[in-house]
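Here is how the chains run, residue by residue.
There are 2 protein chains.
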Amino acid sequence: MSGHLAVVGLGPGDARYLTPEAAEALAAAEALYGYAPYLDRVPARAAQSRHASDNREERARASAALGHAAQGARVAVVSGGDPGVFAMAAAVCEEIEAGPENWRALDIEIVPGITAMLAVAARIGAPLGHDFCALSLSDNLKPWELIERRLDAAAAAGFVIALYNPVSRARPWQFGAAIERLRRHLLPSTPVVLGRAVGRADERVNVVTLAAADAADTDMATLVIVGSRETRVIARNGRPPLVYTPRAAAEVSA
Amino acid sequence: MSGHLAVVGLGPGDARYLTPEAAEALAAAEALYGYAPYLDRVPARAAQSRHASDNREERARASAALGHAAQGARVAVVSGGDPGVFAMAAAVCEEIEAGPENWRALDIEIVPGITAMLAVAARIGAPLGHDFCALSLSDNLKPWELIERRLDAAAAAGFVIALYNPVSRARPWQFGAAIERLRRHLLPSTPVVLGRAVGRADERVNVVTLAAADAADTDMATLVIVGSRETRVIARNGRPPLVYTPRAAAEVSA
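Same order as they appear, the protein sequences are chains G and P. Under the numbering used here, the residue at position 174 of the first sequence is numbered 650, and the numbers go up by one with no gaps. Under the numbering used here, the residue at position 109 of the second sequence is numbered 585, and the numbers go up by one with no gaps.
Calculated directly from the structure, the hints in this document are not laboratory data. Do not take every clue at face value.
[Unchecked claim] FRET-style restraints, in silico, Cβ to Cβ:
no., chain 1, residue 1, chain 2, residue 2, range
1, P, PRO619, G, PRO717, 26 to 34 Å
2, G, ASN531, P, ARG712, 25 to 33 Å
3, P, GLY548, G, GLY543, 53 to 61 Å
Using N, Cα and C, we set each Cβ at its ideal position, and we do this for glycine too.
Hey, can you work out the whole structure from these sequences and the hints?
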């Protein structure tokens, strides 16, 4: 079967983060599928069709793109950040498993990108310099109790925690509830990095404490990094602070 | 103070993963510091000095690069993958915090890159498509008991687990011990992805089960991804399997 489907990570907003591999995959595609704001980032090309969809229609988008590729076309699905982290690659795999047998014969290529937590971390120092986890706060696809259990486990074991999808219009309370939960395990002074729209013109990165972290500081474009007990802040005169987690760690008391 | 220090992520081996931002930062540097095999990946440039060091000399390398930048130079420290993930950015921050006051006045820029777990995941599907953690198995900088505690917490709470630094010549038993530990929590059929030298000519990605995972399958260049209870394998006739973790999860039983 000659069809080809690439799932391409654009990285954070700016083209400075687009890898050569991703740029090639986009240029080679006959058809592009994706959430409209992501498609808008890809330079227009003659004889390349574009199929925009809403950001909640991930499975329908994956299915349409697979069906198109199964006709023998070279198709790319675009994804913000890295397609493998809370993004389109898993949706494509779900559709392949559930779909017609011939979709398994397609040439599937996942093209990695800079995911939001790496971009936010880089802006502020090295908060992910030691063991960390990445957790989506969206309870659309898993029960809130499971999210709480994972927050408990990660904080108690000393992982730095990157929170994806902290809030949305339909999920206004989840970030506040997660912060409350983390306060059971971590000191009020624990550094919290709020990175909004990193790599875009309206980028904003703030460092607050766990005591001061507030849902009003976040939106759908925000990635949050909550430090561990080891995470440190270096004040710098006239420059933004550096937040980092040392490579070495002592035993965490239970 | 005019000195500038960039900590630059090269991504996995191949230049296809080097972002435009990273390429610019390398081109602009007057001096490059790094582990020799990483420096070798950067195209030579006239009037740019190179300072190679061993891979265990991270703090000494960071200190030398900071001292050089503090003389007013434009210096880049190169890092494989992403500099913020078990790499040079944290070492640079540690040295800044411990070093002379004027190092805090330097212009510090961290340039993110594709870290190994993203590259390995992309090669095989979407194993990191749901909540996951990244854990270094090196007990040079933390006690083994803490690593075990983190393995327990992550596996029991349903995180997919990316293992960095699974073994080295000086640490031959850690990967086997970690796998033994994870078998307490996860089914023998749990998929384990072994990604070696992804992005390089000698790349090799294998999928085994937790029951079959063996230290002989890993080396210093291997990144391991251990699935959760939700991680699935899609067999494909004549193509490598796809390994992915669905975006949705049910409650994990305690």
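Verification of the hints:
Distance hint check for PRO619 (chain P) and PRO717 (chain G): the Cβ-Cβ separation is about 29 Å, which falls inside the suggested range of 26 to 34 Å. Against the hinted window of 25 to 33 Å, the Cβ-Cβ separation of ASN531 (chain G) and ARG712 (chain P) comes to about 29 Å, which satisfies the hint. A hinted range of 53 to 61 Å for the beta carbons of GLY548 (chain P) and GLY543 (chain G) is consistent with their spacing of about 59 Å.
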